[in-house]
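Going down the list, the sequences are from chains A, B, C and D.
Here this note's numbering is used: position 247 in the first sequence is 247, and no number is missing along the way.
In short: position in the second sequence from 1, add 1000, done, that's this note's numbering.
In short: position in the third sequence from 1, add 2000, done, that's this note's numbering.
In short: position in the fourth sequence from 1, add 3000, done, that's this note's numbering.
Be careful, since some hints might not be right.
[As the list claims (entries may be wrong)] Some, not all, of what chain C presents toward chain D, calculated at C-beta under 8 angstroms: (1) 2071; (2) 2210; (3) 2217.
[Stated by the list, open to error] With a straight-line cut-off of 30 angstroms between C-alpha atoms, the simulated BS3-like cross-links for lysine-lysine are: (4) D/3002 <-> A/145; (5) A/145 <-> C/2081; (6) D/3210 <-> C/2210; (7) A/72 <-> A/247; (8) C/2002 <-> D/3002; (9) B/1145 <-> D/3002; (10) B/1145 <-> B/1160; (11) C/2002 <-> B/1145.
Just so you know, the hints here were simulated from the structure itself, not pulled from any lab data.
Source: prediction; values computed, not measured.
A virtual CB, placed ideally from N, CA and C, is assigned to each residue, including glycine.
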Amino acid sequence: MEDQHIPASLFDCPVVESRPVGSYRLISFVAREVAALARPGQFLMVRAAGQSLDPLLPRPIGVHELESDLVKILIEPVGRGTISLAGLRVGDRLSVLGPLGNGFDLNGEGPALVVGGGIGAAPLAFLARALSQRGREVRCLLGFKIRGQAVAAELFRNQKIDVYTEDGSMGGMGLISEPLPGILAEMQAGGPENAISAAGDSSDGAIPADDGETGVAGYHRAAEIFACGPDAMLAALSGIAGDHGAKAQVSMAAHMACGVGACQGCVIRTVDGYRRACSEGPVFAAGEIAW
Amino acid sequence: MEDQHIPASLFDCPVVESRPVGSYRLISFVAREVAALARPGQFLMVRAAGQSLDPLLPRPIGVHELESDLVKILIEPVGRGTISLAGLRVGDRLSVLGPLGNGFDLNGEGPALVVGGGIGAAPLAFLARALSQRGREVRCLLGFKIRGQAVAAELFRNQKIDVYTEDGSMGGMGLISEPLPGILAEMQAGGPENAISAAGDSSDGAIPADDGETGVAGYHRAAEIFACGPDAMLAALSGIAGDHGAKAQVSMAAHMACGVGACQGCVIRTVDGYRRACSEGPVFAAGEIAW
Amino acid sequence: MKASLHTSLGPLTLDHPIINASGTFDVIEADRILEADLFSDFPFAAYVPKTVTLKPRTGNEPPRLYETAAGLLNSIGLANKGIENFIVEDLPRLAELLVPIIASIAGESTSDYGSCAELLAGRDEVAAIELNVSCPNVELDGRALGCDPERTARAVSLARAATSKFLIVKLTPNVTDIVAVAQAAAAAGADCISVINTVHGMALDPWTLKPVLGHTSGGLSGPAIKPVALRAVYMVSRALDLPVIGMGGVTTAQDVLEFLAAGASAVAIGTASFRDPLLAARLPGELRDLMEIRGISSIGQLSGMA
Amino acid sequence: MKASLHTSLGPLTLDHPIINASGTFDVIEADRILEADLFSDFPFAAYVPKTVTLKPRTGNEPPRLYETAAGLLNSIGLANKGIENFIVEDLPRLAELLVPIIASIAGESTSDYGSCAELLAGRDEVAAIELNVSCPNVELDGRALGCDPERTARAVSLARAATSKFLIVKLTPNVTDIVAVAQAAAAAGADCISVINTVHGMALDPWTLKPVLGHTSGGLSGPAIKPVALRAVYMVSRALDLPVIGMGGVTTAQDVLEFLAAGASAVAIGTASFRDPLLAARLPGELRDLMEIRGISSIGQLSGMA
Ligand SMILES: Cc1cc2nc3c(=O)[nH]c(=O)nc-3n(C[C@H](O)[C@H](O)[C@H](O)COP(=O)(O)OP(=O)(O)OC[C@H]3O[C@@H](n4cnc5c(N)ncnc54)[C@H](O)[C@@H]3O)c2cc1C
Ligand SMILES: Cc1cc2nc3c(=O)[nH]c(=O)nc-3n(C[C@H](O)[C@H](O)[C@H](O)COP(=O)(O)OP(=O)(O)OC[C@H]3O[C@@H](n4cnc5c(N)ncnc54)[C@H](O)[C@@H]3O)c2cc1C
Ligand SMILES: Cc1cc2nc3c(=O)[nH]c(=O)nc-3n(C[C@H](O)[C@H](O)[C@H](O)COP(=O)(O)O)c2cc1C
Ligand SMILES: Cc1cc2nc3c(=O)[nH]c(=O)nc-3n(C[C@H](O)[C@H](O)[C@H](O)COP(=O)(O)O)c2cc1C
Ligand code: FES
Ligand code: FES
Chain A
1 MEDQHIPASL FDCPVVESRP VGSYRLISFV AREVAALARP GQFLMVRAAG
51 QSLDPLLPRP IGVHELESDL VKILIEPVGR GTISLAGLRV GDRLSVLGPL
101 GNGFDLNGEG PALVVGGGIG AAPLAFLARA LSQRGREVRC LLGFKIRGQA
151 VAAELFRNQK IDVYTEDGSM GGMGLISEPL PGILAEMQAG GPENAISAAG
201 DSSDGAIPAD DGETGVAGYH RAAEIFACGP DAMLAALSGI AGDHGAKAQV
251 SMAAHMACGV GACQGCVIRT VDGYRRACSE GPVFAAGEIA W
Chain B
1001 MEDQHIPASL FDCPVVESRP VGSYRLISFV AREVAALARP GQFLMVRAAG
1051 QSLDPLLPRP IGVHELESDL VKILIEPVGR GTISLAGLRV GDRLSVLGPL
1101 GNGFDLNGEG PALVVGGGIG AAPLAFLARA LSQRGREVRC LLGFKIRGQA
1151 VAAELFRNQK IDVYTEDGSM GGMGLISEPL PGILAEMQAG GPENAISAAG
1201 DSSDGAIPAD DGETGVAGYH RAAEIFACGP DAMLAALSGI AGDHGAKAQV
1251 SMAAHMACGV GACQGCVIRT VDGYRRACSE GPVFAAGEIA W
Chain C
2001 MKASLHTSLG PLTLDHPIIN ASGTFDVIEA DRILEADLFS DFPFAAYVPK
2051 TVTLKPRTGN EPPRLYETAA GLLNSIGLAN KGIENFIVED LPRLAELLVP
2101 IIASIAGEST SDYGSCAELL AGRDEVAAIE LNVSCPNVEL DGRALGCDPE
2151 RTARAVSLAR AATSKFLIVK LTPNVTDIVA VAQAAAAAGA DCISVINTVH
2201 GMALDPWTLK PVLGHTSGGL SGPAIKPVAL RAVYMVSRAL DLPVIGMGGV
2251 TTAQDVLEFL AAGASAVAIG TASFRDPLLA ARLPGELRDL MEIRGISSIG
2301 QLSGMA
Chain D
3001 MKASLHTSLG PLTLDHPIIN ASGTFDVIEA DRILEADLFS DFPFAAYVPK
3051 TVTLKPRTGN EPPRLYETAA GLLNSIGLAN KGIENFIVED LPRLAELLVP
3101 IIASIAGEST SDYGSCAELL AGRDEVAAIE LNVSCPNVEL DGRALGCDPE
3151 RTARAVSLAR AATSKFLIVK LTPNVTDIVA VAQAAAAAGA DCISVINTVH
3201 GMALDPWTLK PVLGHTSGGL SGPAIKPVAL RAVYMVSRAL DLPVIGMGGV
3251 TTAQDVLEFL AAGASAVAIG TASFRDPLLA ARLPGELRDL MEIRGISSIG
3301 QLSGMA
């Protein structure tokens, strides 16, 4: 959603750390230029450097965190590309194209609710930190299938976090769409000092339901949601945000080939027709998406 | 050429040594059963263990040497398969099918001349050692393109060796077909005490040329040649051996897929029609090959 | 939940849906060379020997093999001992197998299909016959008989007239419209369609820049062609009311699952056995695991799910 | 010895034989997003923009991409802004390039080829026109116009009547006889043949077992199809007296060398640019090195060596 143009480039980067974080893998590599330029919500096209044709193409991977010259990524090994990335060890090299995409627009005001689903949490640690640094009140809501994924919540340092798992093996039990309305209502009603952790109580009716535009006017301030996760989660979230008059930015997933707007392969259905996740996204206003 | 049947099997073997030998790479791995069974001239179907589809298939690789539980192979990285094998490091794992093929027949008598061309020298160190252990007089003649390959001659320990390179960068200069007639004549004329190193003198006329069948009768004893190398070398050698009445066994190269006689892919043109290098070879009597 | 792998292919009952692809597995040779006792512990649910022809064939000039990206080019050219020798030398031995034998035959002319089928018609060891009308390495122009729906139909009719055995027709993907060829085969009396044989291709020697294969071009197999094969299975199984044997690049249990979902009743493994000779022995168990995670309890439930 | 990479394609003179494949490189987007100054430092010897059609097309339903073994399946469906917008918005910008522009056009009907060619006929920025008669993702049955020699010939004739520009016809490999289609195109007035467009294929989602692509099936590109492409180049260049542009899986300078040896006059890079965006910039130098080691001093000497 940012407009200012920062040129991307191709880099060959040595891996300096590779460790498991539950069922995910955290990989850090040296990439000074990327670390200097990347903004939250931007992504990289990444593959193991070298001649092997398996996998053939790089994969889009969000920037998880930056630390001086280092870029960190968090990988969920699900297929050909991510399994190969998760297999990288210290000393191996990565081919990295980036930073790419628009990233989240951080210029809004009001409290920020950062919502992640599964590996969608990966780019949100950097985002949450950046939002805090801008002085915004930040609260995080992270949903996972199981505990093995949910331990990734530890990567969100110094953040106020609620964690949910579908099987209840860590944090609250259920999908994040259940606590979301309550958390939103709280954030919009008062300051962070009033916020209580929704984790644990599957309160559907505990917080009064609001009736769209009219209800919103009654709150102190509009919250803004920043989300990344499975389509179904983002669609549900978009509806809830609309109900609460909260703005929402969503980072959309798509299979990519070029990453730079050339191949038309990564399009997302929006209210204005197909738009490319790589060059016109991956972050879109929730209201733009044709869910 | 051996007949006795020793069953092959599939093994997953850890690499315990990987080091350059000039432009080749020497790789040692633990494979107790293979080390117990393999005979000189047999081969293995080898690939890096794992899911990567690049390369897709194993490659036929000769057994270079055995050392208690260890099997050693020598790799010339020329294409998809051998480059991947040469990239293996200690701790990586190999998928190994073998031992396969007939191997050399060591039951003959008389002095043995072991002739290698390029990476064709790989399986001959084991062979030369086994021949010596059987009490046969052994002499080795190794030809290479350049010095970077010829340093592999160091792997033939305690052997009487002549080395040639095409560019003269190590040992004698030229193809091994030049010194071969002279060496053969010497070996057939007398014992090893008479042998002089041909390396260094590009003597075409230094050793009296012999005139085929008739000349042969005059020698003390028939030498036997064991050879592995490029087709052109083996063809030349086969002619020279015939001229000297020396028997010759040649190990033939072919692209392979199954390694066990199933696919008909690795056939060699012989005087009896096509024969499979994997299950009917790779060692053939030189006279059987339709050069 | 325990998933069942039992399935059938016309009159053939199979313990599981995984068979071998013709020309890629030789049980007699493998049993001789490998440690495993393959006759009593055979990994496939049926055995398809290498295609045989009326007369013995020496096959094409070597080199006959070349590895390409995730693929294998071959130009074997149906090297085989001829159907008479196959019947006399191999069939008695193959009868020891506890699984059905699907004999594969090819003709150098259409009429050969009738003659070969007739020679096998009375052999009880043979449970089914596969007509290979699709080898790209036999005719010099690389054009298999199966490139033409009419010639395919003629070959099938002749075989059909000669035998009442379960008749499988194995098609080539090197055509504009594989469904049209499949329909022609079905109309002429085929009981089952096998797809796909290899994809026509060639490779040059990296150094000499001349064709690597002695026969110039050859047939491409392996994972590279899996998308082509999967599409053929999907299209043919939707268009026809006959069982389909799927093959082409199957390398993992996940691949088997996908071919069944695409519409295959059985799945054949070719090139992948070269990559991993123990693959076939592992596949049924791995397939069952994948079915169970997905809550699929039978092959019937899986077939055509896509 | 210093090898020369200069070559020509009909009236087009090229600094080297490497161009881009339509639909895989967008110089305007790439110049905007990447650090490189692509307009003044363009890596390819000619520029082929994405195929345009008479009317704008939104393209097929996503997902449109899926990686397979050494290959990429796509079902973009010729998403493009339409030829009018292309002419007004893009051509003026593309005119800044120092290399020839080869406009690529496709029709939803045969007559569109004539109309599109006419619209480009008077544009000096356009050095040549490529007729894409081979996209597998436009018609619902996946059957490209180029599957039929007669329809191909009609499309070519209409374009030929509309323009005297150098006319390239890009063919599909999804046919029984690609040489017959090439000959039909040549007879109808084509100046050059491009081979190949993508190979028809499909993939299932590993978990849902439904087709991954929104359009069900798609076109396979990348190293997996190199053997198919190389054979097409070899066959077409031998059968016809026209220059051939080779493409399909070209990923290294060695591949470029092989396609030239197989008979191509120029070689296009598609999928490999996704794998390595800097590939094109390196290829000419690497190609020269490979030629020099082999003692080949010019593209002419290399062409058709196989
Ligand atoms: C902007 C962006 C940022 C991303 N950031 C991360 C990240 O930080 N960490 C991470 O692990 N992953 C991230 N992903 C997702 C990652 O790119 C995909 O998981 C990857 O493409 C899967 O490739 P694969 O080869 O491993 O699996 P494949 O073999 O291609 O597919 C395996 C399964 O995953 C599905 N799949 C594949 N790609 C995607 C996709 N892009 N979206 C949804 N489903 C997909 C397939 O349909 C299939 O079911 C991101 C994707 C995008 C678009
Ligand atoms: C019985 C046997 C034993 C062997 N032992 C060894 C060994 O100990 N060490 C070793 O490094 N290699 C050995 N080889 C050769 C090795 O198998 C081939 O070099 C290998 O197949 C090449 O594969 P690649 O993928 O690296 O090259 P490719 O990409 O397949 O080919 C690269 C180049 O090598 C040529 N080539 C490929 N395979 C062969 C072959 N089998 N014979 C001749 N030319 C070929 C190709 O035509 C091409 O020019 C042996 C081969 C056989 C048959
Ligand atoms: C070396 C080799 C030999 C083959 N021989 C035959 C054959 O004799 N008859 C036949 O119908 N198919 C033959 N095929 C084709 C296979 O049976 C199969 O259809 C094809 O290889 C695709 O499957 P795959 O990708 O699993 O190998 C052969 C394939 C290979 C690789
Ligand atoms: C994403 C994508 C989009 C394509 N779009 C077009 C196109 O618009 N017009 C066209 O003629 N070919 C198109 N193609 C085909 C390529 O130009 C090329 O013929 C094919 O991909 C084979 O080459 P490759 O293996 O190098 O990619 C496209 C290919 C891909 C992968
Ligand atoms: S990935 Fe190519 S346009 Fe987005
Ligand atoms: S490699 Fe298959 S028969 Fe020899």
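Checked hints:
1. 2071: 7 angstroms, holds
2. 2210: 6 angstroms, holds
3. 2217: Cβ of residue 2217 of chain C sits 5 angstroms from chain D, so the hint holds.
4. D/3002 <-> A/145: Roughly 62 angstroms between the alpha carbons, so the hint for residue 3002 of chain D and residue 145 of chain A is violated.
5. A/145 <-> C/2081: Measuring from Cα to Cα gives roughly 58 angstroms; hence the hint is violated.
6. D/3210 <-> C/2210: Roughly 42 angstroms between the alpha carbons, so the hint for residue 3210 of chain D and residue 2210 of chain C is violated.
7. A/72 <-> A/247: The hint holds at about 28 angstroms.
8. C/2002 <-> D/3002: Violated, at about 69 angstroms.
9. B/1145 <-> D/3002: Given pair residue 1145 of chain B, residue 3002 of chain D holds - Cα atoms ~24 angstroms apart, limit 30 angstroms.
10. B/1145 <-> B/1160: 20 angstroms, holds
11. C/2002 <-> B/1145: 62 angstroms, violated
The earlier numbered hints that this structure contradicts are 4, 5, 6, 8 and 11.
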